[in-house]
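Note that the protein sequences, when read in sequence, are chains A and B. Numbering (the working numbering) for the first sequence: 84 to 305. Numbering (the working numbering) for the second sequence: 84 to 305.
Do not take every clue at face value.
One-sided excerpt, in silico: chain A residues whose CB lies under 10 angstroms from chain B [what the hints assert, rightly or not]:
#	residue
1	Gly172
2	Phe181
3	Thr186
4	Ala249
5	Phe302
6	Ala305
Cβ-Cβ distance ranges computed for the label pairs, FRET-style [unchecked claim]:
#	chain 1	residue 1	chain 2	residue 2	range
7	B	Thr136	A	Gly253	35 to 43 angstroms
8	A	Arg86	B	Gly172	46 to 54 angstroms
9	A	Pro167	B	Asp299	36 to 44 angstroms
10	A	Pro167	B	Gln165	26 to 34 angstroms
11	B	Glu261	A	Ala293	30 to 38 angstroms
12	A	Glu252	B	Thr136	33 to 41 angstroms
13	B	Asn162	A	Cys98	51 to 59 angstroms
14	B	Lys224	A	Glu252	50 to 58 angstroms
15	B	Ile87	A	Gly288	41 to 49 angstroms
16	B	Asp161	A	Gln254	15 to 23 angstroms
17	A	Gly253	B	Asp299	49 to 57 angstroms
18	A	Gly288	B	Gln254	35 to 43 angstroms
19	B	Gln165	A	Arg216	57 to 65 angstroms
These aren't lab readings, by the way, just hints derived from the structure by calculation. Ideal Cβ placement from N, Cα and C applies to all residues, glycine included.
There are 2 protein chains.
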Amino acid sequence: MARILYELAGADEHCRFSQHCWRVRLALHRKGLDYEGRPWRFTEKDEIAFAGTTKVPVLVDGDRTIHDSWSILEYLEDNYPQGPTLFGGPDARAEVAFFRHWTERVVHAGLGPMIVHAIWERLHDKDREYFRRTREERFGKTLEELEAERPERIGAFRQSLAPLRATLEGQPYIAGAEPRVPDLLVYAAFLWVRHGSDLEPLAEGDAVAAWRDRMDADFRDA
Amino acid sequence: MARILYELAGADEHCRFSQHCWRVRLALHRKGLDYEGRPWRFTEKDEIAFAGTTKVPVLVDGDRTIHDSWSILEYLEDNYPQGPTLFGGPDARAEVAFFRHWTERVVHAGLGPMIVHAIWERLHDKDREYFRRTREERFGKTLEELEAERPERIGAFRQSLAPLRATLEGQPYIAGAEPRVPDLLVYAAFLWVRHGSDLEPLAEGDAVAAWRDRMDADFRDA
């Protein structure tokens, strides 16, 4: 049966930048599961109403429909035990919760303001008003003001990665010897930046950049 | 055979404030292992020279001597498989590395400047000059300047706990259903504050404070 992933897309339907959708793409790749990625825009709420949500990712797997990236990761782990574990076993799943919150509250929170204007530029015309309005409300600034603050934000962002950097100076992946959910979460955030902007958030020689290179090689076809 | 833990102490030998020593105390308690805690002061380098280090904790376990809190945690897990697991199994050990670095680079780094003057006040006279000199070098400020900055630092510290707070809003312990190394690391940092200062670093109603209460109950005799 067909597996379909509804993914956020820009004006160019091949521009798939959402960090939440990347989580699922990476997990599907890790589990060796084929799928058809279907482009979706912010304002196409009707298209995914069948899934009971207004946001992607939405995964349709045969007769099952799952939304929310975290729920999809758990679904894939539970229903496709073949292939490498994503979470490191049921016992480890709770411990991974912290990585999710760290990624969202530190990595996303640090990167978001720096790339939000660039993402707006890549959006389909029909999404631009919605995106600008909701993001300017969230940040309390215009997209142009946020863009102008990029140089002063980049240093604090790099500093906020100190725990990640120290970890990756001691081992090849965040999860240890192989990439698991903590790696997928953080790598998805860097793919959001890569596909949604022209920002290079890391300095040369950073252990985090070396890890990102390893992830690029591991997930080349994702 | 005797088990001896060399622990940092203040002027009052019962004032044991070191967060690194607390990690070991908590792990010994979790494993149900008895020990004799031996007070040690910063300037008593000769007393622990036999262990090949200038810092505590040092654990003497029969004919074995181990130093460095992390090495001691690994030693206890490897040599005392009875009792609850500290790390969640060998497979999970690498994933715990991030928690260690997060605790040190975010929690310790946030709390340290706020309590360093209070710790200095609690030290034995013979330690005070050494401690003041090394800490003022490290921070580039006097202990009194750091103490005066406390009110402006506390908000940023509480904010930096956002990933921890979000995790503890969803589950009782950082590691999930029971306390493991991630919990011990962060709780040890709060015990450092409690025994080394009069600072209350958490706001009322914080999920982190509720978790700290649970840890207080679990480790009452540690």
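Evaluated hints:
1. Nearest Cβ of chain B to the Cβ of A:Gly172: about 7 angstroms, under the 10 angstroms cut. The hint holds.
2. Taking 10 angstroms as the C-beta cut-off, the interface hint given for A:Phe181 holds, the closest approach to chain B being about 5 angstroms.
3. Hint status for A:Thr186: holds, given a least beta-carbon distance of 8 angstroms to chain B, under 10 angstroms.
4. Below 10 angstroms, beta-carbon pairs count as interface contacts, and A:Ala249 has one with chain B at about 4 angstroms; its hint therefore holds.
5. Given hint, A:Phe302 at the interface with chain B, is violated; its Cβ is 19 angstroms from that chain's nearest Cβ, farther than 10 angstroms.
6. The closest approach between the C-beta of A:Ala305 and any C-beta of chain B is roughly 22 angstroms, which is over the 10 angstroms cut-off, so the hint fails.
7. Restraint check, B:Thr136 to A:Gly253: a C-beta distance of roughly 20 angstroms breaks the suggested window 35 to 43 angstroms.
8. One distance hint, 46 to 54 angstroms for the beta-carbon pair A:Arg86 and B:Gly172, is violated here, with the actual separation near 32 angstroms.
9. Taken as a hint, the range 36 to 44 angstroms holds for the pair A:Pro167 and B:Asp299, whose Cβ atoms sit roughly 39 angstroms apart.
10. Distance hint check for A:Pro167 and B:Gln165: the Cβ-Cβ separation is about 31 angstroms, which falls inside the suggested range of 26 to 34 angstroms.
11. Under the hint 30 to 38 angstroms, the C-beta atoms of B:Glu261 and A:Ala293, about 35 angstroms apart, fit the expected range.
12. Take A:Glu252 and B:Thr136: their Cβ atoms lie about 22 angstroms apart, and the range 33 to 41 angstroms is violated.
13. Taking 51 to 59 angstroms as the suggested C-beta distance range, the pair B:Asn162 and A:Cys98 conforms, at roughly 54 angstroms.
14. In this structure the supplied range 50 to 58 angstroms is violated for B:Lys224 paired with A:Glu252, their Cβ-Cβ distance being about 28 angstroms.
15. Separated by about 43 angstroms at the C-beta atoms, B:Ile87 and A:Gly288 satisfy the suggested range of 41 to 49 angstroms.
16. Range check, B:Asp161 to A:Gln254: Cβ separation about 18 angstroms, and the 15 to 23 angstroms hint holds.
17. Checked against the hint of 49 to 57 angstroms, the pair A:Gly253 and B:Asp299 fails, with Cβ atoms roughly 32 angstroms apart.
18. Between A:Gly288 and B:Gln254 the Cβ separation comes to about 37 angstroms, which falls inside the hinted range of 35 to 43 angstroms.
19. Judged by the Cβ atoms, the range 57 to 65 angstroms given for B:Gln165 and A:Arg216 holds: they are separated by roughly 60 angstroms.
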